[in-house]
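If you're matching them up, the sequences are chains A and B in order. With my numbering, letter number 126 in the first sequence gets 128, and the count goes up by one each step, no holes. With my numbering, letter number 22 in the second sequence gets 24, and the count goes up by one each step, no holes.
Nothing false has been slipped in among the hints.
Straight-line distance between alpha carbons at most 27 Å, and here's what the computed DSS-like set of lysine-lysine pairs gives:
id, chain 1, residue 1, chain 2, residue 2
1, A, K65, B, K65
2, A, K105, B, K135
3, A, K33, B, K135
4, A, K110, A, K7
5, B, K17, A, K154
6, A, K7, B, K135
7, A, K154, B, K105
8, B, K105, A, K156
9, A, K150, B, K105
10, A, K135, B, K7
Label-pair ranges, simulated between beta-carbon atoms:
id, chain 1, residue 1, chain 2, residue 2, range
11, A, D97, B, T155, 32 to 40 Å
12, A, K65, B, S130, 22 to 30 Å
13, B, K135, A, S123, 15 to 23 Å
14, A, K154, B, G35, 35 to 43 Å
15, A, Y73, B, G35, 39 to 47 Å
16, A, N66, B, D69, 27 to 35 Å
17, A, P132, B, S109, 22 to 30 Å
Now the stretches of chain B that chain A is said to cover, found in silico as 3 or more residues with beta-carbon under 8 Å:
id, segment
18, 25-34
19, 47-53
20, 118-127
By construction, these hints were calculated from the structure, which means they are not laboratory data. Bear in mind the structure is a predicted one, so any value in this text is a computation, not a measurement. Glycine included, C-beta positions come from ideal geometry on N, C-alpha and C.
2 protein chains.
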Amino acid sequence: MNDEKYLREAIAMAKANVKNGGGPFGALIVKDGSVIGRGVNQVAHNNDPTAHAEMMAIRDACKNINDFRLYGCVIYTSCEPCPMCLGAIYWAHIDRIVFAATKDDASKAGFDDSFIYDEFSLAHEQRSIPMQKMVLREAAEPFEQWLKLENKTKY
Amino acid sequence: MNDEKYLREAIAMAKANVKNGGGPFGALIVKDGSVIGRGVNQVAHNNDPTAHAEMMAIRDACKNINDFRLYGCVIYTSCEPCPMCLGAIYWAHIDRIVFAATKDDASKAGFDDSFIYDEFSLAHEQRSIPMQKMVLREAAEPFEQWLKLENKTKY
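Next comes chain A alone, as it looks inside the complex:
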């Protein structure tokens, strides 16, 4: 019951955002029965290609609870997360994802989620954005420094 209520709210946020000139996506994050973060797509408004609804909701929730981990949280999103947002959901350690529209629905509306998912399954050299590894002597040094460090904040 609550899943349905929160998901309907995420869709309502997406619709309101289109009316306000934003993209057709909304998301919210719930912990222990309370909404702790909300987001709508603000890519064009903020000139920020990372400002997807789920990203904004995660950033809002983390700010509100003063933690970069969202253990025990559920994210409700009007559309299946794109790879960027899904990655962020993993890094945030969210427990569960509930979504309404699919990435194929997004594609039909002009949003290239499926294309990006397809790219991920290709080898580096077959992708439309070339990925070049350069061998440099010092490549491992940041990690070596990190591993030696005591009292670091792990994340």
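Using the hints, position chain B against chain A.
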């Protein structure tokens, strides 16, 4: 030659960030021979799980050039991008990626990039974070509204 110079700079930024208490990652974005954006990992510092080096560099570059697209840009990053950052690179329409350490190097240092890449290739029901699609009558309405809209800012 320039690729090497910029990539060394990204690694130097990663090392400096560890000294400042941050994560061992740095990235910069170059357009027409100028650095237009820089970022280091600030997840713990900002309480923001999306604050990876590449994300911060993309957001910085977009702010600086006042555009959410980075056509004609190259991103130099001390480590192979994680799925979140790679997704953001696609959404930003960056031309090319140059990186030093690999996702396996990152895994050895305790960063779960490889794990997240593996999750992406699993079916929804096999993933460690459950993804539940809920069928709702109004799921397509945000997209329908978007498609009908005239004079929208496409992104």
